[in-house]
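Student: The residues making up each chain are set out below.
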Amino acid sequence: DAGITQSPRYKITETGRQVTLMCHQTWSHSYMFWYRQDLGHGLRLIYYSAAADITDKGEVPDGYVVSRSKTENFPLTLESATRSQTSVYFCASGTSVLEQYFGPGTRLTVT
Amino acid sequence: AQSVTQLDSQVPVFEEAPVELRCNYSSSVSVYLFWYVQYPNQGLQLLLKYLSGSTLVESINGFEAEFNKSQTSFHLRKPSVHISDTAEYFCAVSDQGGHNDMRFGAGTRLTVKP
Numbered sequence: 001d002a003g004i005t006q007s008p009r010y011k012i013t014e015t016g017r018q019v020t021l022m023c024h025q026t027w028s029h030s031y032m033f034w035y036r037q038d039l040g041h042g043l044r045l046i047y048y049s050a051a052a053d054i055t056d057k058g059e060v061p062d063g064y065v066v067s068r069s070k071t072e073n074f075p076l077t078l079e080s081a082t083r084s085q086t087s088v089y090f091c092a093s094g095t096s097v098l099e100q101y102f103g104p105g106t107r108l109t110v111t
Numbered sequence: 112a113q114s115v116t117q118l119d120s121q122v123p124v125f126e127e128a129p130v131e132l133r134c135n136y137s138s139s140v141s142v143y144l145f146w147y148v149q150y151p152n153q154g155l156q157l158l159l160k161y162l163s164g165s166t167l168v169e170s171i172n173g174f175e176a177e178f179n180k181s182q183t184s185f186h187l188r189k190p191s192v193h194i195s196d197t198a199e200y201f202c203a204v205s206d207q208g209g210h211n212d213m214r215f216g217a218g219t220r221l222t223v224k225p
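From first to last, the protein sequence lines are chains P and Z.
Residue numbering for the first sequence follows the working numbering, beginning at 1 and increasing consecutively.
Residue numbering for the second sequence follows the working numbering, beginning at 112 and increasing consecutively.
Be a bit skeptical, because a hint or two may be false.
Cβ pair distances, simulated, as ranges [as the list claims (entries may be wrong)]:
| # | chain 1 | residue 1 | chain 2 | residue 2 | range |
| --- | --- | --- | --- | --- | --- |
| 1 | P | Thr26 | Z | Arg220 | 27 to 33 Å |
| 2 | P | Thr82 | Z | Gln207 | 34 to 40 Å |
| 3 | Z | Ala112 | P | Val65 | 18 to 24 Å |
| 4 | Z | Phe125 | P | Val65 | 46 to 52 Å |
Read the hints as simulated data drawn from the structure, not as lab findings.
Virtual Cβ for every residue (Gly too), placed ideally from N, Cα, C.
Chain P with its partners taken away, still in its complex shape:
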């Protein structure tokens, strides 16, 4: 099916572990984004990518790593998870920053 998917939908991990959140879109959108959603903060941009092999930092990039070797995939890695990274993570894609289509989210808990 066409669209944007995220996996896993739910993840529990321990402090210090590495975890990767996956994002896949079938629209061939050039732009992809990662946000985290926390109560009282709305959504905050972690990283974005304007095209394959081009990534840039957003508002809260510390502790995260991204890559984009293929247009359709944009994985987000937490190299050493901390409790402060407990959040709901949303991936989005679009033809520009002005029209973004969001995935269903991944709820990550770091214990």
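Assemble chain Z onto chain P, guided by the hints.
Tutor: Below, chain Z alone, put in the same frame as chain P:
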């Protein structure tokens, strides 16, 4: 950088009553403005946007928002709400300076009661 303030964290209303969700922005340059809606356990969906032209923009499900440059506001309104409008609403801003990011407000939870 641009920023957004949503003035109400929660808005409870009765069904068929009018509602206004308030949004103010701050930016040193001209902006694009957006309202997104998030239903429980789902991602965000674009509700409406202001890019240029008429300052009053409408969505297909009866919401409207007006861009007021002098008051730096983009309030969302609906004359008569339904139970199905219960959701979290986010205002967002992107500046026209070419920066590839969008800043979101903290959200307003709209609860429509029967």
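Student: Decide, hint by hint, whether the structure agrees.
Tutor: So, going through the hints one by one against the coordinates:
1. P/Thr26 x Z/Arg220: 27 to 33 Å: holds (32 Å)
2. P/Thr82 x Z/Gln207: 34 to 40 Å: holds (36 Å)
3. Z/Ala112 x P/Val65: 18 to 24 Å: holds (23 Å)
4. Z/Phe125 x P/Val65: 46 to 52 Å: The hint (46 to 52 Å, Cβ to Cβ) holds, given that Z/Phe125 and P/Val65 are roughly 48 Å apart.
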